[in-house]
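Protein chains in written order, with my numbering: chain A, 1 to 104; chain B, 105 to 208; chain C, 209 to 312; chain D, 313 to 416; chain E, 417 to 520.
No lab work stands behind these hints: they were computed from the structure. As the structure is a computational prediction, the values presented were derived from the model and not from experiment. Each hint should be verified, as a subset may be incorrect.
[As the list claims (entries may be wrong)] Using 20 Å as the maximum straight-line C-alpha spacing, the simulated SDA-like pairs for lysine to any residue come out as follows:
id	chain 1	residue 1	chain 2	residue 2
1	C	Lys284	B	Pro121
2	C	Lys303	B	Thr111
3	E	Lys431	D	Glu386
4	E	Lys431	D	His334
5	D	Lys408	E	Arg461
6	D	Lys408	D	Arg349
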Amino acid sequence: MFLARVTGSVVSTQKVPTMTGHKLLIVEPYRLDTDARDRLVTTGRTFITVDTLGAGEGDLVLVCQGSSARLTPETKTLPIDAVITGIVDSVHVEKKAVYDRNED
Amino acid sequence: MFLARVTGSVVSTQKVPTMTGHKLLIVEPYRLDTDARDRLVTTGRTFITVDTLGAGEGDLVLVCQGSSARLTPETKTLPIDAVITGIVDSVHVEKKAVYDRNED
Amino acid sequence: MFLARVTGSVVSTQKVPTMTGHKLLIVEPYRLDTDARDRLVTTGRTFITVDTLGAGEGDLVLVCQGSSARLTPETKTLPIDAVITGIVDSVHVEKKAVYDRNED
Amino acid sequence: MFLARVTGSVVSTQKVPTMTGHKLLIVEPYRLDTDARDRLVTTGRTFITVDTLGAGEGDLVLVCQGSSARLTPETKTLPIDAVITGIVDSVHVEKKAVYDRNED
Amino acid sequence: MFLARVTGSVVSTQKVPTMTGHKLLIVEPYRLDTDARDRLVTTGRTFITVDTLGAGEGDLVLVCQGSSARLTPETKTLPIDAVITGIVDSVHVEKKAVYDRNED
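Just chain A, same shape as in the assembly:
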């Protein structure tokens, strides 16, 4: 899985019928800043994920890719390759907090 920031959303009316009613969010994968190692930074990439948890813009989330994206009750039969599986509260690296939702 990877960490990602929710930064936007996608609207599509002409789509595969089973996708109707599923929220499509734009997420940007984040990685640890490899120099300072005290914060998360964007990788500059753009992915689209289905969200079933009510994640909102600005949230840091956990994203699962591949066939496992269908291993949640709401996504079993969907043609999707990425789903949000958690909204992140905090991330610690080498005992230091590199992300805290309350202070973000």
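With chain A held as given, fit chains B, C, D and E onto it using these hints.
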């Protein structure tokens, strides 16, 4: 999933029999411009996808990769690893419209 | 899927028994030249695929990756992650022919 | 699979229900130093994995990706795409030890 | 699939129980030298694969990734995403031998 622009098509007559009759489109994955953050730009990559929605050249589409590309009624048994699952109307990032089909 | 040029072949006698008799081809993924946008160019990568269509050196082919590579009659039970699903006749991008097998 | 160093952890309370109780670790994929070829170095990437073996910060681990991440007794039905399958004792390259847990 | 050179091995005693007894090899993916096109060169990446064929250090091998790595008799139920499916004898590109095991 990723966003991509439909830019062309592929013709192949010698192919795996089950692929007969399926439209093969060239798509270029797009990402958010990481500096201005107000528009989508090409990643410069080239993918081939099956289309079941009638997407046309110039359309921005949502592409699903991997085994989930077989999770639509028309693609269940096909040897494909990418399918168009939606034609995009609009994309918003940080409350700004970064793509609108009507103004594209 | 991706477009690729067949450039060679691999011989292996010590292999997983089910792989016996399956032709292994070297393919180089191609992408659209991002500047001129009027021809396909190599990405410089090297993949190995199984071929069931009789593709030959120099052919431009369509390659399917992942578990879907097993979705052809000849490859159902093989430990493979890539298969050639079509020999390409022509590719058009923005109404221009960027590849034509007869003029290649 | 790839080798990775465990460097941190993620806390998420709002998550897909089946993920409850599963430890989420931050791992950084490592590769052989391509010049000296006598040690492992970080690739600078950040992945999140589920751990069922009790791996701790600093451990070098073996990570399995994709649908196979569900091929352990504890992860069968989880929406995950990466799991730790081993804690590494030692790594040898060209007869030299490039990693030894006891001397790390 | 990709070609790779076996360069080392990994020892892990604390691991998922089903992994017991399976040899873990370090492999470096190789690609065609894009300029000279007369030899294979390392990509500088490091992967770990399971080996069931008795491949040894220095061998050039064929590696299958993803769920298909479980499509061999010995790996059916393993949490692995890569397996060696062949030991390579020779590789030809554009009619030239770019690898020959006997002259390596």
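Status of the hints after comparison with the structure:
1. Lys284/C / Pro121/B: holds, 15 Å
2. Lys303/C / Thr111/B: holds, 9 Å
3. Lys431/E / Glu386/D: Judged against 20 Å, a Cα distance of about 13 Å means the pair holds.
4. Lys431/E / His334/D: holds, 17 Å
5. Lys408/D / Arg461/E: Roughly 18 Å between the alpha carbons, so the hint for Lys408/D and Arg461/E holds.
6. Lys408/D / Arg349/D: The given pair, whose Cα atoms are some 9 Å apart, holds under the 20 Å limit.
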